[in-house]
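**Student:** Each chain, letter by letter, is given below.
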Amino acid sequence: MNLRDTAESIALPMLALAGGLLLFGAFIWADGHDPVQAWTLLFRGAFGDAFSLQNSLQRAAPLMLTALCVALPARAGLTIIGGEGALVLGGLACAALPLALPLPGGSMGTAMLLAAAAIAGAAWIALAGWLRQWRGVNETISSLLLGYIAIALFKHIVEGALRDPASLNKPSTPPLAEALRIGSIGGTDVHWGLVFGVAACLLAAFWLGVTTHGFATRVVGGNPRAAQLVGLPATRLIVVACALGGAAAGVAGGIEVAAVHTAANASLIVGLGYTGILVSFVARHHPLAIIPVAILFGGFLAAGSLLQRRMGLPDASVQVLMGFCFVVILASEAARGRLRELFVLRRPPVGTAPAAATA
Amino acid sequence: MDPKHTALMTQRRQLLAAGALGGAALALPGSLRSAWAQAPITVGVIYVGPRDDFGYNQAHAEAAAQLKKVAGVKVVEEENVPETQAVQKTMQGMISQDGATLLFPTSFGYFDPHMLAIAAKNEKVRFSHCGGLWTQGKHPANTGSFFGYIDEAQYLNGVVAGHMSKSKKLGFVAAKPIPQVLRNINAFTLGARSVDPKITTNVIFTGDWAMPVKEAEATNAMADQGIDVFTMHVDGPKVVVETAARRGRMVCGYHASQAKLAPNAYLTGAEWNWLTAYTLIVDAARTGKPHPNFVRGGLKEGFVKSSPYGAMVGEAARKNAEDVRKKMMAGSFDIFVGEMKDNTGKVVIPKGKALKQTDLELESMNYLVEGVVGKA
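For the protein sequence lines, the chains are A and B, in the order given. Residue 423 is where the first sequence ends in my numbering, and the numbering goes up by one at each step. Residue 948 is where the second sequence ends in my numbering, and the numbering goes up by one at each step.
One chain only, chain A, in its complex shape:
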């Protein structure tokens, strides 16, 4: 990727974002509110001070992991949208492990919890990949439906076999021991899940961009027939990509349990897996791009909170804003490669006919 492409890759979404904000301003102006106040609040609520910044980062953390659940299979050519299922099962595995075997306290125990979460999530999404490779089941549909099954299983177990009798009006598993929980980073309000999210995105980018295995996966994603012709084990690569994506979503669920909820319960099912789909698509399934997109998403959610409290706007206004921004960002792809034309005066290059230059 040369410098100009990189500059364009950054400038294009930024311009699109500005366009989305403008549209939102017009929308709320039409509704009788002050757009300048809204823009100011949006910035202050998302990145304006230390609290806002931490708020945005905290909300972004699980989205990075659930976005990977879409991005990694996508790079192998599959459209997986069942991250929610992997997330809830990951959370369940994390909460259930201490009941199955005694764990050492501290980071060793926490690592085992997250490993259990990763395995549960990986198995679930790998199942969708396997169904497609061996049985020809459409992976988009199967992963979505498997997500519903996962949620049903989760509720059945949390409200049945693993229910803590002390959790009367909110059925939950027994809480994790204090020593197993994930705390905050240093003196901040942000828990270590953010580090896991960023690290996972970096690792995924390294895997896809640098390693042979990652390259092979991308080849399979580009053209599975050609990949098989050159002797790549397409099926295995696809299932591994699915498993890695599922593992990321599973870890997201595990972190939610170990850092936020302290037990598995229905509060885990809030659509983080589905939001990850949007994040991944906006990031064009690129692990490195997922990091800023997830933070932007977190920023919108954080700012939406302030928008509601200060301007009395309904919660739906944030969804309108996100809708505007993401539609414009996705639509801006059409301008890729032609961005310079918008800014540079069109001059026919020396030695070519004007008609050819405009074609």
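Among the hints, erroneous ones may be present.
Computed list of lysine-lysine pairs in DSSO-like fashion (alpha-carbon distance at most 30 Å, straight line) [stated by the list, open to error]: (1) B:K861 - B:K748; (2) A:K234 - B:K891; (3) B:K748 - B:K710; (4) B:K740 - B:K925; (5) B:K738 - B:K877; (6) A:K219 - B:K748; (7) B:K741 - B:K877; (8) B:K832 - B:K741; (9) B:K898 - A:K234; (10) B:K748 - A:K234; (11) A:K219 - B:K786; (12) A:K219 - B:K913; (13) B:K740 - A:K219; (14) B:K861 - B:K786; (15) A:K234 - B:K947; (16) A:K219 - B:K710; (17) B:K877 - B:K913; (18) B:K738 - A:K234; (19) B:K928 - A:K219; (20) B:K832 - A:K219; (21) B:K913 - A:K234; (22) B:K925 - A:K234; (23) A:K234 - B:K641; (24) A:K234 - B:K928; (25) B:K877 - A:K219; (26) B:K923 - B:K891; (27) A:K219 - B:K947; (28) B:K925 - B:K877; (29) B:K740 - B:K891; (30) B:K738 - B:K891.
Simulated from the structure, these hints should not be mistaken for lab results. As the structure is a computational prediction, the values presented were derived from the model and not from experiment.
Could you slot chain B onto chain A? The hints should help.
**Tutor:** Only chain B this time, still in chain A's reference frame:
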């Protein structure tokens, strides 16, 4: 009785008494009273769903709207806040960005661990949670919980439904088999069976608080079985009310009034009256009184109320319901009285025992009473 419970209940009665007196501002000397009474306050109210859901969240939003009219009270609100770190950020934001010193996190799932985590970091801010079971010694003093004995209004719903039903089969669409929900199903059924012991209540659990599709399916399925009066315990009763009305059935509302949605089918309803609890807690904060940690009340204390009767409700039904209401207001009526059996025939309250509304045993109810068709 466990001494801790006795102490709790004494405290609770004092609180209710204080509320009835209209706040402790009266107990303060004149000059100080006016200084305190004018102390402005910013109150944060957090809803788990939309403010206009015709149900649980709307009931709170209506009280918050009333609270806004009180001089010196500023209300900041946020809706659709999930029970995740998002609510922790919202609480902290209300405190550090808006200067709120009293928060009403109104969803059950906000209590543990979210509200407790933020309360530990903000010891000077008061937190009053709706529905939780605040326990002395276990939870910090700057936190507390309030709730209403809405099963009293559900009992009255049952009495009216019992009179109006022709098929003697009632329907209850419920979210989850948890104590608060079971208590409502049981109270509704007991109310109906006080009219006619042959009446049964079919219950369908949808599995979660907001499942509009399943709620409609459950209502239709029960209407097909000949059930002619419905009630519910889900976050937004709109779907059940509208579906029942469309099927030509009658309905008793819940949380807030849904009369507007189905004026020809709406008999009455069990509504929250959160303004009573809000006022009590806000007054305590403004006058510097100790934070009311455990606030409970029913019809008598004005924590719950019934929707006005629909035009189709007959004289006999009204009279019967009003007689029971009078006894409830006088404190001489107990809903859960022995000998009471569950719907498997097991005795759950022995003969001669009557449970008062304040009895903590009721807060861990895990059975469905005789006459309910369904499984807890």
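**Student:** Does each hint fit the structure? Answer for all of them.
**Tutor:** These are the hints, each one checked on the structure:
no. : hint            : in the structure
1   : B:K861 - B:K748 : violated (37 Å)
2   : A:K234 - B:K891 : violated (38 Å)
3   : B:K748 - B:K710 : holds (26 Å)
4   : B:K740 - B:K925 : holds (29 Å)
5   : B:K738 - B:K877 : holds (26 Å)
6   : A:K219 - B:K748 : holds (11 Å)
7   : B:K741 - B:K877 : holds (25 Å)
8   : B:K832 - B:K741 : holds (25 Å)
9   : B:K898 - A:K234 : violated (34 Å)
10  : B:K748 - A:K234 : holds (9 Å)
11  : A:K219 - B:K786 : holds (16 Å)
12  : A:K219 - B:K913 : holds (29 Å)
13  : B:K740 - A:K219 : violated (33 Å)
14  : B:K861 - B:K786 : violated (46 Å)
15  : A:K234 - B:K947 : holds (18 Å)
16  : A:K219 - B:K710 : holds (28 Å)
17  : B:K877 - B:K913 : holds (28 Å)
18  : B:K738 - A:K234 : violated (36 Å)
19  : B:K928 - A:K219 : violated (33 Å)
20  : B:K832 - A:K219 : violated (35 Å)
21  : B:K913 - A:K234 : holds (25 Å)
22  : B:K925 - A:K234 : holds (28 Å)
23  : A:K234 - B:K641 : violated (34 Å)
24  : A:K234 - B:K928 : holds (24 Å)
25  : B:K877 - A:K219 : violated (33 Å)
26  : B:K923 - B:K891 : holds (29 Å)
27  : A:K219 - B:K947 : holds (17 Å)
28  : B:K925 - B:K877 : holds (27 Å)
29  : B:K740 - B:K891 : holds (20 Å)
30  : B:K738 - B:K891 : holds (19 Å)
In summary, the numbered hints that this structure violates are 1, 2, 9, 13, 14, 18, 19, 20, 23, 25.
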